[in-house]
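Novice: Guided by the hints, dock chain B onto chain A, whose structure is given.
Protein chains: 2
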Amino acid sequence: MISLEESILQGDRLALARLLTQVENDTDDGRAALDALFPHTGKAHLIGITGAPGTGKSSLVNQLALHFRREGKRVAIVAIDPSSPFTGGAVLGDRVRMKDLSGDNGVFIRSMASRGSIGGLAQATANVVQVFDAAGYEIIMIETVGAGQSEVDIAKLAHTTLVVEAPGLGDDIQAIKAGILEIADIMVVNKADRPGAESTEKALKSMLELAHPTQRVFAHHGKYMSAALPIETETNIWIPLIQRTIATDGKGINELAHQIAKHREHLIVSGDWTIRARARLESELDAALQSALMDRFRERVSEDQFNKVMDQVLERSLSPLEAVNMLMNGSLK
Amino acid sequence: MISLEESILQGDRLALARLLTQVENDTDDGRAALDALFPHTGKAHLIGITGAPGTGKSSLVNQLALHFRREGKRVAIVAIDPSSPFTGGAVLGDRVRMKDLSGDNGVFIRSMASRGSIGGLAQATANVVQVFDAAGYEIIMIETVGAGQSEVDIAKLAHTTLVVEAPGLGDDIQAIKAGILEIADIMVVNKADRPGAESTEKALKSMLELAHPTQRVFAHHGKYMSAALPIETETNIWIPLIQRTIATDGKGINELAHQIAKHREHLIVSGDWTIRARARLESELDAALQSALMDRFRERVSEDQFNKVMDQVLERSLSPLEAVNMLMNGSLK
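So the protein lines, in turn, are chains A and B.
Under this note's numbering, the first residue of the first sequence carries the number 276, and numbering increases by one thereafter.
Under this note's numbering, the first residue of the second sequence carries the number 276, and numbering increases by one thereafter.
This is chain A alone, in the form it adopts within the complex (with noise of 0.2 Å):
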C-alpha cells in the first residue's frame, strides 16, 4: 500500500480531497503528510485575487483559469469566504456556476470557510496551498471576498495580488479600499463596458499616486531578521498596474494574464521571490517553535499550577511580569 503522500505525488485526486480536508481540519496525520510533502513545495506561483461582492470576480478567475490551462497549465483555486457563518455561501454559490471548469481533470477547486479564528483561516490556506504546490500545481488562485485584515493575512501568501473593482459600487467604503491598495500588484477594473468605467478607474489611479510616495517593503514577519535582505533600489519597485476586464466574455483576460506573467519575472528577477519565500517559511518555522516552546513549558507546569498563579493575577497581587518570572523559573508552590 503507498502512503497518502505518494497518491497524491502521483496526481490521485481522491487522495488529494481526503489530505486536503485532514489538513483544513489540523489533524496529525495532516501535519505530517504536511511535512512529507514539504521538500515538493515552492514552485507553484500563487495568485491572490480580492474584491467586494458584485466585482465579477468569481468569473474572472473562471477566464483566469481557462487561460492557464490553454497554456497547458495545471490550476487550483482556493475560494475563502472568511465572512460570519449565518451570511455564507456566497462563494460556494460561485463555485456551482463554475460548469465551465468541471470534467477537466487539470483544474481543482476548493472552497473554505471560516471556522473560528481569521488567523486559523489563514493557517489553514496557507496549509492547504502547499498540497496543492506538493501536488504539482503550476498556478494557484486565491479568492477572497475583500473585506478586513483576513484578506491582507491571505494576501500576504501570494506572489501576486490582483484586486478586483467595478464601476458603479458606491465609495463609501474608501478606508477599506486603501488598506486593500496596499496589497494590490494589479488593480482590476472588471465590467468596463458598464458606464462608470472611466472614473473607477481614474479614482484607482489617484489613489495608487497617492501611495506610491510611500515605499512599498514587504513587510518580514518572521522574528529573525534575514540576512539576505538586499537593499531596496530603483529596479526593484513595481508600480500597481490598473487592467480593464470584461469577464463575462473574456475581453482583456489575455491581457491580464500577460501582466501576471510579467509581474512574476519581476519577482524573479529583482529577488523578492527568494525574499517572500524567505519571509514566509521564516514565518512559519516561528510560528512552529513558538507551539514547541509552548508544549514544552506546559510539559514542566501543570494547569493546576498555571491556574494557581492565574488567580492571584486576577486579584491584583501579582502581576503579569512577576507572573511569568514564577512560571519560567519555576519557583511554584
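Just so you know, these hints were derived from the structure itself, not from any lab.
A hint or two may mislead.
Any copy will do: because identical chains look the same in the list, a pair fits if it lies in one copy or spans two.
Stated by the list, open to error - Computed cross-link-like contacts, DSBU-like style, restricted to lysine-lysine with a CA-CA straight-line distance of at most 35 Å:
hint : residue 1 : residue 2
1    : Lys583    : Lys537
2    : Lys583    : Lys477
3    : Lys431    : Lys477
4    : Lys537    : Lys480
5    : Lys583    : Lys526
6    : Lys318    : Lys480
7    : Lys583    : Lys480
8    : Lys526    : Lys537
9    : Lys583    : Lys431
10   : Lys318    : Lys583
11   : Lys348    : Lys480
For clarity, every value in this text was computed on a predicted model and none was experimentally measured.
Specialist: Same frame as chain A, now just chain B:
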C-alpha cells in the same frame, strides 16, 4: 522626586500623557510602569463604540462623555483609526471638533493611529486603556471606525460594545455588518430623525433574530482553559438591544446611558465580568510567556545558527518540523 507611576496615581495629566506615549511606543520604561500600575487596574468600565464613517459616532461619544461627566465620573476617550496612514486623519479631525469637552479636567482624549501591524494596535490600545484604568478613569470609551478584524480585536477589550448605525448609508457591506453584529451588546440607530430610521432598525432587528439562535459565548483566547467557566444558563444570556439616538441634540442619550449601565449590571450578576477579565488576563499572560520563552530560546540559539537552519529549509533539504526539532534539541553544528 516621585516616579511616573506615582504622578499618574496622583492625577498628573502631563505625566499621564507622557506615559501614554511611552506605552504606545512600547518602550522599556513604559512596560515597567505598566507593570507597576497593574495593581490599580480592573475597576474601569470599558465601552467600545464602533461604526462606519458617517454614522455620527464621534458626536455620540461626546454626548455620552458629557452625560457621564454629569454623573461625576471621570471619562477617558481612546479614538482609534486603524486605516492606512495616507487616508488617516478623520478621527483626529473629529477630535478637534470636541469643543464641549475641552477644558474639563475630568476628561482625557487620546487619538491613536495605526502603526505597523493590527495586532500591534490592539496590544497598544489594551496598554493605553490599562493606564487610564490605573489613573482612575471610571469610564473608558474606545472609539473605532467599524470595519474589519481590528475592531473585533479591540471589541474584545471592552466590557460593553456599541455598534452605531445610521439611516441611508447603503447596505452593500452586509458581510462586515454581520461580523460586527456578533460583537454588539447594544445597537445604536443614530441620526434617528432621518428618513429610513425605521427600516434601518428593522434590518438590524431581523439580523439580530437571525443571529440569536447562535449562542453568544465569550471566546476564550488563552492557551489554558479556565477551570472557573460556568455552564451557560438562560440568565447568562444578553440579547443585544437597539436604541435610537439623535446625538446632535442629545436625544436618546439618557436612555442609552441607562442601557449601558444595565449591561454592566448584567455582566456582574451573570459572572461574565470576571470571566472576561480572566480571559483577557490569561491571553496577556500567554503572550508574555511566549515572548519570554522565545527570549530564552534566543539566548541559546544564535541568529547565525538560526539562519543556517533557515537556509536548509529554503533549499527544501530540511522540513520545518525537522528544523524545529534541530533547533529545540540543540543538535546544531
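Novice: For Lys348 vs Lys480, is the C-alpha pair at or below 35 Å within one copy, between two copies, both, or neither?
Specialist: within (32 Å within a copy, 49 Å between copies)
Novice: From the Cα coordinates, with 35 Å as the cut-off, is the pair Lys583 and Lys526 best called within, between, both, or neither?
Specialist: neither (65 Å within a copy, 48 Å between copies)
Novice: Given a CA cutoff of 35 Å, do Lys583 and Lys477 count as a within-copy pair, a between-copy pair, both, or neither?
Specialist: Answer is neither; intra-copy 61 Å and inter-copy 48 Å both fail.
Novice: Can you tell me if Lys537 and Lys480 fall within 35 Å by alpha carbon in one copy, between copies, both or neither?
Specialist: Answer is within; shortest intra-copy Cα gap is 20 Å, inter-copy 49 Å.
Novice: At most 35 Å between alpha carbons: which applies to Lys583 and Lys537, within, between, both or neither?
Specialist: between (58 Å within a copy, 32 Å between copies)
Novice: How would you label the pair Lys318, Lys480 (within, between, both, or neither) given a Cα cut-off of 35 Å?
Specialist: within (33 Å within a copy, 49 Å between copies)
Novice: Checking an output row: Lys526 and Lys537, CA cutoff 35 Å. Within, between, both or neither?
Specialist: within (19 Å within a copy, 58 Å between copies)
Novice: Is it within, between, both, or neither for Lys583 and Lys480, if the alpha carbons may be no more than 35 Å apart?
Specialist: neither (58 Å within a copy, 43 Å between copies)
Novice: Cα distance capped at 35 Å. Does Lys318 pair with Lys583 within a copy, between copies, both, or neither?
Specialist: Answer is between; shortest inter-copy Cα gap is 22 Å, intra-copy 49 Å.
Novice: Within a copy, between copies, both or neither: which one fits Lys431 and Lys477 at a CA-CA cutoff of 35 Å?
Specialist: Only inside one copy: Lys431 and Lys477 sit 27 Å apart there, 39 Å across copies, limit 35 Å.
Novice: When Cα atoms must be at most 35 Å apart, do Lys583 and Lys431 count as within-copy, between-copy, both, or neither?
Specialist: Classified as between: cross-chain Cα gap 24 Å, same-chain 40 Å, threshold 35 Å.
Comparing the model with each numbered hint stated earlier shows that hints 2, 5 and 7 do not hold.
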